[in-house]
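Enquirer: Sequence:
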Amino acid sequence: MANDSNQEVRPGRARRGLFESMGVYFERHAQTLVASLGRMTRQPMATLMTTSVIGIALALPACLGLLVANARAATGAWDSAIELSVFFKNDVRLAKAEQLARALRERSGVAAVELIPADAALKEFREFSDFGAALDALTDNPLPHALVVRPASDHISPAEIDALKRHVQNWPEVDLVQVDTEWVKRFHSMLDVLHRVLALVAGLLAVGVIVIVGNTIRLDIENRRTEIEVTKLVGGSDAFVRRPFLYSGFWYGLLGGGLACGLVGLGAWLLQEPVSRLAGLYASDFRLLGLDPRTIGLLLGGGTLLGWFGSWLATSRHLRAIEPTA
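For the sequence shown, the working numbering gives the first residue as 2, with consecutive numbering after it.
To be clear, the hints were calculated from the coordinates, so they are not data collected in a lab. Hints should not be assumed to be uniformly reliable.
What the hints assert, rightly or not - Calculated lysine-lysine pairs in the DSSO-like style (CA-CA distance at most 30 Å, straight line):
| id | residue 1 | residue 2 |
| --- | --- | --- |
| 1 | Lys-124 | Lys-166 |
| 2 | Lys-124 | Lys-97 |
| 3 | Lys-124 | Lys-90 |
| 4 | Lys-233 | Lys-166 |
| 5 | Lys-90 | Lys-166 |
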């Protein structure tokens with residue numbers, strides 16, 4: 002019976018000991034985290050300069066990414082409203098054009114077909130151009146009948162648009178078929194190239210952030226060289242000595258990411274009114290996209306990770322070279 006009770010007590014004591022050890026471990030890390038921030042606040046100018054450089058380095062690719070996102074959003078509605086303009090030959094009669102329009106409406110993947118008779122086209126051209134007198138001198142209408150074909154929203158892939166264009170172009174009555182949004186595809190291709198440039202710039206600036214934090218931590222290690230030697234002399238391990246520097250890198254990255262969020266948000270706020278006014282001139286309700294939670298998380302998390310990694314590289318390299326001399 003006594004042995005059974007001892008076996009029941011020992012696991013309980015082991016669990017309590019484990020929880021107490023974990024509590025002490027996290028408590029020491031929390032103390033080091035707060036102490037690292039306190040040490041940085043005692044050097045406000047150096048901390049401000051380092052976090053400013055990190056914030057600007059993180060804000061540059063974020064601004065470029067926001068530019069690409071807004072450009073895609075601005076052209077997204079036009080990209081989804083692709084239209085084909087079909088011009089018949091001049092000798093095609095209106096009844097034949099109406100027959101072909103009805104046949105095209107029955108085709109799969111076509112949302113709407115609008116027939117524009119030649120007389121209506123000439124009347125509209127006369128109203129919105131300065132060639133009224135010249136048109137009055139003409140004996141015949143030079144404009145052909147035309148169709149405006151709008152594909153269904155789920156049939157606007159390049160392959161489907163090309164197939165529809167070839168189908169209409171093969172009609173003997175058709176003279177010309179134009180796709181009105183080819184420029185949108187070219188513009189999106191340029192945005193894809195810009196997106197690759199963004200990835201390259203972001204990678205280079207990430208390396209720059211690591212170098213900045215690493216150099217700052219290296220200087221901090223040199224300034225605290227005597228303290229590190231004493232700590233190692235009394236038995237402090239490299240992990241114990243490295244801990245406050247790692248948390249300093251953590252704070253540098255986090256503060257730099259927060260500053261980057263502020264800079265990008267400020268820039269978007271300053272541009273919001275001019276962009277809205279410009280969109281209004283084109284009868285558009287486009288609103289400039291600002292920071293979303295995903296971008297904020299990337300800036301804060303990415304800055305923190307880069308700061309921690311830069312600090313880890315610096316401490317791993319320089320702490321090994323510091324050993325107590327006595």
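Enquirer: Give a verdict on every hint.
Expert: The hints, checked one at a time:
This hinted pair checks out: Lys-124 and Lys-166 have alpha carbons roughly 27 Å apart, not beyond 30 Å. Using a Cα cut-off of 30 Å, the hinted pair Lys-124 and Lys-97 holds, with the two alpha carbons roughly 21 Å apart. Using a Cα cut-off of 30 Å, the hinted pair Lys-124 and Lys-90 holds, with the two alpha carbons roughly 19 Å apart. Of the supplied pair hints, the one linking Lys-233 and Lys-166 is violated, its CA atoms being roughly 78 Å apart against a limit of 30 Å.
Pair hint Lys-90 plus Lys-166 holds up; C-alpha atoms about 16 Å apart against a cutoff of 30 Å.
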